[in-house]
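Chemist: Each chain, letter by letter, is given below.
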Amino acid sequence: MNTSPRKLNLDEWDDRYEQLRRDGLREAGYGGPLRRHVVREKDFRLQQLQFDNSPAALRLWNFLLTENERLHQARANGHKIVGTMKDLGTVPVMAYALPGVRAFYPDGAWWTPCLMECSDKLLQQAEAMGIDASFCPVRAMLPAFENGEHFPQPDLLVCSTGAVCDDFSAIAQRLEHLGHPIFWWEIPRRRQPAPGEMACALPGNLAAPKIQVDCVRTELQRIGKALGHLAGKTLEDDCLAAGIRAANQARRLLDSLRRTVYFAPAAPLPALEMLVAEMLAIHFCSDREETIVVLDGLLAEVQLRVRRNQFIVSAEAVRIFWVNPVADLRAMNLLEELGGRICGSDYMFTHALDLIPENLPPLEALARTALADPMVGPTSDRAMRIVRECQAGHAEAVVVSRIPGASHCAREGEIIREIVRQTIGIPAIELEIPPVCDALLPSLGSRLQALVETARDRRTK
Amino acid sequence: MQMDVFLTSPWIPAEWIRAHGLQPRGIWSAETFQHGPWPLSAGVCAFAEAAVRFAEARTNSAVIFSTACDQLRRGFDTAILRGQSRAFLFNLPATWQTAAATQMFRSELERLGQFLLAIGGRAPSPEVLRQDLLQSSRTRKRLLESASASSPRGFAEAVARFHWDGAFSPLQPAAPTNHIPLALVGGPFLAPHWKLLDEIEAAGGRVALNATETVECSLSPTFEFEAGANHPFDVLVHGYWDNIIGVFQRPNTRLYSWLKPRLASRHVRGIVLWHFTGCDLWRAEAQTFRETFGLPVLLLEASGEPGAAPREINRLQAFVETLR
Amino acid sequence: MICAGIDAGSRSIKAVLFDTDRSHILASGLTDQSVEQERLAAELFEKLLKKAGLERSQISGVVATGYGRNAIRFADTTITEITCHARGVHRLVPDARTIIEIGGQDSKVISLEDGGHVRDFAMNDRCAAGTGRFLEMVAARLDMNWEKLAELARQSKKPALISNMCVVFAETEIIGLLADGKPLPDVVAGVQNSIATRVSALAGRFVSPPVYFTGGVALQAGMARALEEVLACTVRVAPQPQFTGALGAALSAGPANKAGDSGL
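Residue numbers (this note's numbering), protein chains in the order written: chain E, 63 to 523; chain G, 273 to 596; chain P, 159 to 422.
Bound conformation, chain E alone (with noise of 0.2 Å):
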């Protein structure tokens, strides 16, 4: 049955998937109606949202909203758990590159709140174990590490240090005192090498200095020591360099996805869904099989809609790039609903949408690659891939999307609009999205249907 793109609340979703179901869907182990996590796992903020009607879209949601429970089956099957902390994107590479071994990222315990609307109690639980709402809504994982609701106790957990945000790294230190054990690795503040420096390209376009490199590879090297001793198998280089053929392969599906969906004259795809499959690049929702058949899908899905000239976003919404993950889901609906479409986004982990080198020993290009992290390095170098990426998107406006207490926002957000408006003129707005907004829609609504009038006038000048 050929059904138009549109978007659907989770009733109208009740509805099509009988239809799907009627019409022989065929789904993996994982699927089933979207209620079914209202009812079980709570995720009351679903009956907020807006999705995209494609089976491609319902495989993705229903990917990420079992994660919980892939990792206490894989804990059942006798898989080694590996929680990795902070990189977004190097660690887990690794971790999937040894049999029997799945990694994810507590962190994204982040994002419970807002679909549970609260209803997990874990920002509270967290105040009363000492870390309070000035800090990022990633301060949840520490009551679901001590609860044992969510995620299963990883068995080893492993953090980046140095160069990250301080909130971060505040709420972890916490954790370890809390006696979860933490092995820290060091990611030094990425700089310029210096005139006469030996110096290495990452990705990205960007550069550093080879002592820099060097110093995060051996950083990997103590890591991948302590990841074959957790799978009992020395992590070798043929190994890892397998795991990073397969992880450049769900890059390479996801950059594909990006082009079309953000490239396209209209949005084939809605722009929550494209956060949450960007997501998956970071450690692959603990299945990196799994999410490369899940993107396959969705970038099949999207082509056929260009190529039929359907879209969900009309191609006179205002393209805006977007820069950080929002801790209120519903956000991604509003932009749309207001007449705005994402043609770009930096949801702060690039690094793990580029491509790691293939023609490098494995944990040099690993370690390259781990530097090429945004949030290492200089804001300017983050803001002028901003600008670049704004540029090939045709970007009309950027919304720079600010995480309640997290400390790199501060600053960053000023930086980058501040090169945004010098290089490229755009308007560039900064909004704060707490893990759940329906309060402050009223002024989040205002704030960006002012940047789409005024990205729309500008068209007319």
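None of these hints come from the bench; they were simulated from the model.
Don't be surprised by glycine CBs; every beta carbon is placed ideally from N, CA and C.
It is possible that some hints are incorrect.
Unchecked claim - Pairwise CB distance ranges (calculated): (1) P:Gly187 / G:Arg583: 43 to 53 Å; (2) P:Pro397 / E:Asp317: 30 to 40 Å; (3) P:Glu271 / E:Lys287: 33 to 43 Å.
To be verified - From the derived model, a few chain G residues whose C-beta atoms are all more than 10 Å from chain P: (4) Ser313; (5) Glu328; (6) Pro448; (7) Phe497; (8) Pro523; (9) Lys532; (10) Pro582.
We have chain E already, so just place chains G and P on it with the hints.
Modeler: Relative to the frame of chain E, chains G and P by itself:
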């Protein structure tokens, strides 16, 4: 006249700056280092903002930022964007238990040395460095020996003087008192904050341990020349690296190891956790302090707003009363 | 063609009838804001029609803006205050390049390009400091009206430093200053400076002259001067500053803007 090189952290070796013929100054000791009141963007630390503005205003001096916190790291980015060309970002490793971290610290000192030469410093002489390390060691030791016996304000002033020009100010022993001994632990403690020490005294407390970043903790580097020829640079590296007591370190167990015996030996009955608004690294330790040391903890924020002083004093008075 | 603009702000509702053919304001008015804002807006609208000798049927379009715009259901469409103030100010003073609008509970800085198009903007709508609300609080605390406040500020010789960023704590600080014998004019001038300082932080580095000040707070004598001091440039009060938003809304209902309207 020697160029001033302002340091935003006591873990950037002042001795290394002096060895290059330049004048190191703890930025927090500068009389003109003010932290507001400015309307700060949400989440911006007033100390980091003050460092940025200080750097912006003093383009004839150099300012060394450190990566110890996100605020200063990104403050450096802002300073560069605003045109300060004599700013340097010193990569201070957070990890400290690996050879790689030690090597990184050493490499950064070498890189800092190149920067200092580029801004007009001279190549360091090992003998000059050696003498300066010995002198610095003596001064630090003397200050530390007088920590528990001198008045809190006198001690804070003396340490600030040391970080300003390396000098030792003789300290008068404080009169014995039955005031309740407190520890003041946390971020940078600047001259405008010293009156809090007086307020604590007036309320019946006494800061028996000032473990803020820029006071007693900051004196911990020690320089030991073993029999035989240690190169002074090696002594400098290890003198600092092996003794940094930082909340930013991962794990930050050194901080706790350093605090524990001192809290006990000075009979501290309560901890005032002092931090700038927006400083997550210190704020997050409050509960761990309570759990580890079994002491009540009062959180006190330096917002940069003079108008907040009555509220701060009120809190201190209430804290001392409860301890009494 | 006659168009109407309604600016449903947090403290008052303003309306303008604008003749697009002759390019002038036919009538303007305001009323205090309250819970039944649609009714109040409708009454104000009717009042203006009567004043201008017009019937509803003669109005080609009605655009609502402001905080309460979505409640004005008889409007044909809604547009944000950013766009409306930009259009309104540009119509009155085409040379404007930066607009500062301080309303009852928010403040905005709008950067304009040639032609009056909005280039960029910043808004503070989450904190009362830097808004008219601060002045209202002070007026209430001192038991005086808006005009008296302005008169006092004019007499100041040395404005007090109000260092608290939060309006609630600032109130206590003000009481303390008065208790310490600080002259009242200096305290009031200090409040104006505090608001101006907050707005300057919002403006950041994108203030380009000519700078125009609009919104209800622009009517308070001394505020423009306070802004000039912190921004270090001339700040002029826009003509009819209370009505620039409503004027911009009316202009947006006109034919020249219909194609470019967001029409949301």
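Chemist: For every hint, state whether the structure bears it out.
Modeler: Against the structure, the hints come out as follows:
no. : hint                            : in the structure
1   : P:Gly187 / G:Arg583: 43 to 53 Å : 45 Å, holds
2   : P:Pro397 / E:Asp317: 30 to 40 Å : 54 Å, violated
3   : P:Glu271 / E:Lys287: 33 to 43 Å : 58 Å, violated
4   : Ser313                          : 7 Å, violated
5   : Glu328                          : 12 Å, holds
6   : Pro448                          : 36 Å, holds
7   : Phe497                          : 49 Å, holds
8   : Pro523                          : 35 Å, holds
9   : Lys532                          : 37 Å, holds
10  : Pro582                          : 7 Å, violated
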